[in-house]
Amino acid sequence: MIPALLKEALPSFAWAGEMNWRGEVFAGFVGAILVIPQGITFAYLAGLQPEYGLYGAIFVTLFTSILGGSSMMSGPNTAVAILIGSAVLPLAGRGSPVYIDYVFILCLMVGLVQLLFWLLRGARLFQYISPSAISGISAGAGFLIIMASLDSILNLSTFNTTFFYEKLYVILSDAENLVSPYSLAIGLVTILGGFVGRRYSHRYFLIVAVACGYAAGLLVSFIWPQPLTELEYLGRMPLEWLPLNMPTVNIEYLMTSIQLVPYAVTIAFIGLAQSLVIVRELKMTTDQAIDLDKEVYAQGMANFLAPFFSTFAGSGSFNRSKANRSLGASTPLSGIVAAGFVLLLITFLGPILTYMPMAAMAGTLFIVGLDMIKWSDVKHYAPEKTELATYLATFIGILFFGLATGIAIAVLLSVSVFLLRISQLELAEEPHKNGSLLKIKGSLFYASVAHLTEKFRRLRERDLTIDLQYTTHIDQSAVDFFSHEAQTMLEHDSRLTLIVNSKQRNFLVGLGLHNSVKLLSVTEAEVR
Amino acid sequence: MSHKPLRRIVISKVDTLPAINALFLLFALFAAVSSFAQTASPSIEQLVNEPFLDDYYSNVVLGYKIVNDTQHFASRYVGNGLNCKNCHLESGTKKDALPLNVAGMYPKWRAKNGKRNGIGLRIRECFIYSMDGIMPPDDAPEVLAIAAYVTFLSQGEVLGAEPEGRGVPTLPETGYDPNPANGRAVYMSQCASCHGEQGQGVGANPPVWGMDSYNRGAGMNRIREAAGFIWANMPLGQDRSLTHQQAFDVAAYLNLQYRPSDPRQSKFLKLLEDLLP
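Chains A and B are the protein sequences, given in the same order.
If you use the numbering used here, the first sequence corresponds to residues -15 to 512, in order.
If you use the numbering used here, the second sequence corresponds to residues 273 to 549, in order.
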């Protein structure tokens, strides 16, 4: 047990043998370019200074790639960042030192919860979240991103309202006082640049958008002085190559951060859910040797180590993993290379990024948010009523009650849909000698046995044969039910016969099946 | 019949004595604690050494750190080599050296930008003029922290009134125009040992001109303001040793030197200054 865990915990470089060096390095380079604007804007969503997001783009990506074994690109993630922001905001002001301390404590907790998932072999658990729920969460997060990006595009001071339409109403009703035309112009140029750029390059259009926004910002600052425009710039980032940090953990912080625990569990869950959806897809469509439990460990360990490198938790990124795959990367090397390129790029880009208007950053965020809400998703899930209901309920739940509640709704719905499905039995009724034959397909356990009672009440006047060959699982309550029914049927002078295979026979007898039930093996039944 | 209640009284007396003592002790403790809480607000040194602070006091401490080491704690918005405490001497507590205990005077109208200024806008303008940097947004953590520190320093001041020793003293007219040539002589003899012959600053002493100093939009770039500051505080430790005329002359000499341009004018020059290292 322990040696096996240790083997999983240590990085394996089995992938290093056969791989395409140039492809991996180029994919890593593109990944680095893609992650820089995302790191900055997700740090903003988490309520932190931009350098924390860039450190996340380096170190969370690096640790997940080294410890895991897949070509998934991890790093700063939208949903995780939004959840961190909404968890810590009640405790301290955005970006203040206490706020940062709480974020670090929260990330330690997230890492520990995810490592606990690993020890409990929890990777299986995430198969019960339906893809429609994941799409709903993604669409809801997209909507939240759009709402958050409005703050910077319109140059509002951050303000939060209970419901999103209140915020829209406030902005619209007092537009001439609240909205800064300079900031709005830069934001619109960025968004337009993104949409035009997308027509030419699907991969680099975000870079085009940022470049357009930056140029517009320079133009504005050339015509109007900053004291007049009050534009918000990114500013000089105090970047270090190795931003080591010791998170403050003392009794007072632990006492007050108890209320962060539910958020830590939610973040750990949603982070792993996203990572594992990506990894599972990679496992199914490529021939990478992927161990889901190892990926859980890699993500948990990366998040646990994040505070020690001045950054916050992350998870797998859908868009970057997709770009990575389309460039032909198939090993963790691309992630490791991406982390190195981020480090190099920000060292050289740092002085240029100083005058990056936040409106341009928010414009790219707006595009990313719009991309996450897809009409094709609705059409995709429309034929199946339950899937569509899960998708819509999750989306609307996030709209009105926030991301954490929305995720709870998604999990609840997909698990209950799953439970409803497996508790349903497929029953086929045929006439048989002097009575009837009932074929049961599905799993016979306490939730599904109840479905049988009505059938039995109608059929027990005459002999009844039950074919259990296609039943996947039988539990104690089913055995008790059969014993009880057999005794009732004896009173009606009829007999209950079960057609079982040898394994089921031993099992049923072991669970104490009443001897008035006649057991027939499959071969015997066929002979007769 | 008669001795029973008596006995009970005796017993109860014996029992309650320590209890009364304890109660009295508790009361005394409570009184001491509450009087302490009412009179003594914690000093900034106490706060800095505290392991855990609430949101307000942690912001006060961050504000204090920013004022003392702006280069490190507010590096995002700083464009030159100065720290707040270079002008707001002794972490903004020295009278006649632009003390920071002025939260009660804001919001107020200021001629500089022709609008009603909150303390936040005042702090943000410090960053763009005196620190020759970028104007932070009004909800930047740095701005909020400095505002918290200013509020902390202003405790006990009268709301709306000017605290004693606010800003710098206004020097009376001397009858002579400021003479930069004389100012240069005074600078070389009295100031150059700390601020450098090229005004570049020596050690912890701040640069007073050049691209690492305040820009043309700063308050210190006005001769009256600079002369008042120099007369009341310079040379450091020998306050008010210069004559009024000498202070005016030095201020005029400083103003003739090159320094970053005013961000409100010559925007193209400003852009070049900032983008080219």
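The hints are simulated quantities; they were obtained by calculation from the structure and are not laboratory data.
Glycine residues also receive a C-beta, built at the ideal position from the N, C-alpha and C atoms.
Hints are not guaranteed to be accurate.
Covered stretches of chain A, going by a simulated chain B footprint (3 or more residues, C-beta under 8 Å) [unchecked claim]:
hint: 1; segment: 218 to 231
hint: 2; segment: 234 to 245
Example chain A residues on the side facing chain B (calculated, C-beta under 7 Å, incomplete) [what the hints assert, rightly or not]:
hint: 3; residue: Ser80
hint: 4; residue: Val82
hint: 5; residue: Ser141
hint: 6; residue: Thr145
hint: 7; residue: Gly181
hint: 8; residue: Gly324
The hints, checked one at a time:
Counting residues of the segment 218 to 231 of chain A whose CB lies closer than 8 Å to any CB of chain B gives 4, so the stated coverage by that chain holds, three being the minimum. Residue count for the segment 234 to 245 of chain A with a Cβ under 8 Å from a Cβ of chain B: 3. That meets the three needed, and the coverage hint holds. The criterion of a C-beta within 7 Å of any C-beta in chain B is met by serine 80 of chain A, whose closest approach is roughly 5 Å, and the hint holds. At its closest, the beta carbon of valine 82 of chain A sits 4 Å from a beta carbon of chain B; the interface hint therefore holds under the 7 Å criterion.
Interface hint status for serine 141 of chain A: upheld, as the beta-carbon distance to the closest one in chain B is roughly 5 Å, under 7 Å. Interface hint at threonine 145 of chain A: violated, since its Cβ lies 16 Å from the closest Cβ of chain B, which is beyond the 7 Å cut-off. A distance limit of 7 Å between C-beta atoms decides the matter here; for glycine 181 of chain A the minimum to chain B is near 24 Å, and the interface restraint is violated. Here the hint on glycine 324 of chain A is broken, as its CB sits about 25 Å from the closest CB of chain B, past 7 Å.
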